[in-house]
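As a plain string of letters, each chain reads:
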Amino acid sequence: EVQLVESGGGLVQPGGSLRLSCSASGFTFSSYWMHWVRQVPGKGLVWVSRINNDGASTSYADSVKGRFTISRDNAKNTLYLQMNSLRPDDTAVYYCAREGAEMGDYWGQGTLVTVSS
Amino acid sequence: QSVLTQPPSVSAAPGQKVTISCSGSSSNIGNNYVAWYQQLPGTAPKLLIYDNNKRPSGIPDRFSGSKSGTSATLGITGLQTGDEADYYCGTWDTSLSPFWVFGGGTKLTVL
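Protein sequence lines, in the order shown, are assigned to chains U and W.
Sequential numbering from 1 applies to the first sequence in the numbering used here.
Sequential numbering from 1001 applies to the second sequence in the numbering used here.
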């Protein structure tokens, strides 16, 4: 069974940093591109970042470019999102999602990041 | 402001049919497959339709998808109270770098 489990969310002050993790199981993690998508509670889905299967290629939304870094450790079946210089408008639930032949065929349960003083 | 445009809400009675529209452009819907997601309250999005009109295993055939030009439509027949959820369309956008774009979501109310 495919499972994606996010962790690392929490309360952080503006300007602070946080690293999210997404632990994958039930599939060959190294064969799939992976994405981070965020959702402000009560609002819509917004794509944040993606990484290809071997980690050599990454892309970011303009709103996080230069502040967030996506990475992966295929030996540990884990996806990461390093978030620096956090702002209040980064407050959201962060989901990791798999891109197979289909867009977003599996999603994690999400982890809440709250940026507030 | 979402890249794809969906109506904020739709409603219908149990047993009825409803459609949800999703409008985009040539850089996204016009040249890429569309997916639809169901998000029940307090849960993660779940893939409902992929490649415009295909259903993953376990998704009932009450759910259907179609695409024409730069627009897509989700159809749900035989509405049930358990279908009350937010529905999102999504696709790739190739205008700069292939990445995902979504609609703003449509809240389905089963009256």
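These are calculated hints, taken from the structure and not from any lab test.
Check before you lean on any hint, since a few could be wrong.
[What the hints assert, rightly or not] With a Cα cut of at most 25 Å, we get these calculated PhoX-like pairs of lysine-lysine:
1. W:Lys1107 with W:Lys1017
2. W:Lys1107 with U:Lys43
3. U:Lys43 with W:Lys1046
4. W:Lys1017 with W:Lys1046
5. W:Lys1107 with W:Lys1054
6. W:Lys1017 with W:Lys1054
[Claimed, not checked] These stretches of chain U come out as covered by chain W in the derived footprint (C-beta under 8 Å, 3 or more residues):
7. 46-55
8. 75-87
[To be verified] Some chain U residues judged to face chain W by a derived CB distance under 10 Å, without partners named:
9. Phe27
10. Lys43
11. Ser59
12. Ala97
13. Glu99
14. Ala101
15. Val115
16. Ser117
In this text the structure is predicted, and so the values were computed from the model without any measurement.
Think of the CB as a built atom: it goes at the ideal place given N, C-alpha and C, for glycine as much as any other residue.
Results of checking the hints against the structure:
The hinted pair formed by Lys1107 (chain W) and Lys1017 (chain W) meets the criterion: a straight-line CA distance of about 15 Å does not exceed 25 Å. Simply put, Lys1107 (chain W) and Lys43 (chain U) have alpha-carbon atoms about 11 Å apart, close enough for the 25 Å limit, and the pair holds. Under the criterion of a C-alpha separation no larger than 25 Å, the hint pairing Lys43 (chain U) with Lys1046 (chain W) is consistent with the structure, at around 16 Å. In summary, the hint linking Lys1017 (chain W) to Lys1046 (chain W) is supported, as the alpha carbons are separated by about 21 Å, within the 25 Å threshold.
Between the alpha carbons of Lys1107 (chain W) and Lys1054 (chain W) the distance comes to roughly 22 Å, so the proposed pair stays at or under 25 Å and holds. With a C-alpha separation of about 19 Å, the suggested pairing of Lys1017 (chain W) with Lys1054 (chain W) holds against the 25 Å cut-off. By the rule of at least three residues with a Cβ nearer than 8 Å to a Cβ of chain W, the coverage given for the stretch 46-55 of chain U holds, with 3 such residues. Only residues whose beta carbon comes within less than 8 Å of a beta carbon in chain W count, and the stretch 75-87 of chain U has 0; fewer than three means the coverage is violated.
Annotation: interface hint on Phe27 (chain U) violated; nearest CB of chain W at approximately 14 Å, more than 10 Å. For Lys43 (chain U), the shortest C-beta to C-beta distance to chain W is roughly 8 Å, which falls under 10 Å, so the interface hint holds. For Ser59 (chain U), the suggested interface contact is upheld, since its CB lies about 5 Å from the closest CB of chain W, less than 10 Å. For Ala97 (chain U), the suggested interface contact is upheld, since its CB lies about 8 Å from the closest CB of chain W, less than 10 Å.
With 10 Å as the threshold, the beta carbon of Glu99 (chain U) comes within range of chain W, its nearest partner Cβ sitting at about 8 Å, so the hint holds. The criterion of a C-beta within 10 Å of any C-beta in chain W is met by Ala101 (chain U), whose closest approach is roughly 8 Å, and the hint holds. Interface hint at Val115 (chain U): violated, since its Cβ lies 21 Å from the closest Cβ of chain W, which is beyond the 10 Å cut-off. Interface hint at Ser117 (chain U): violated, since its Cβ lies 27 Å from the closest Cβ of chain W, which is beyond the 10 Å cut-off.
Of the hints listed earlier, those the structure fails to meet are numbers 8, 9, 15, 16, in rising order.
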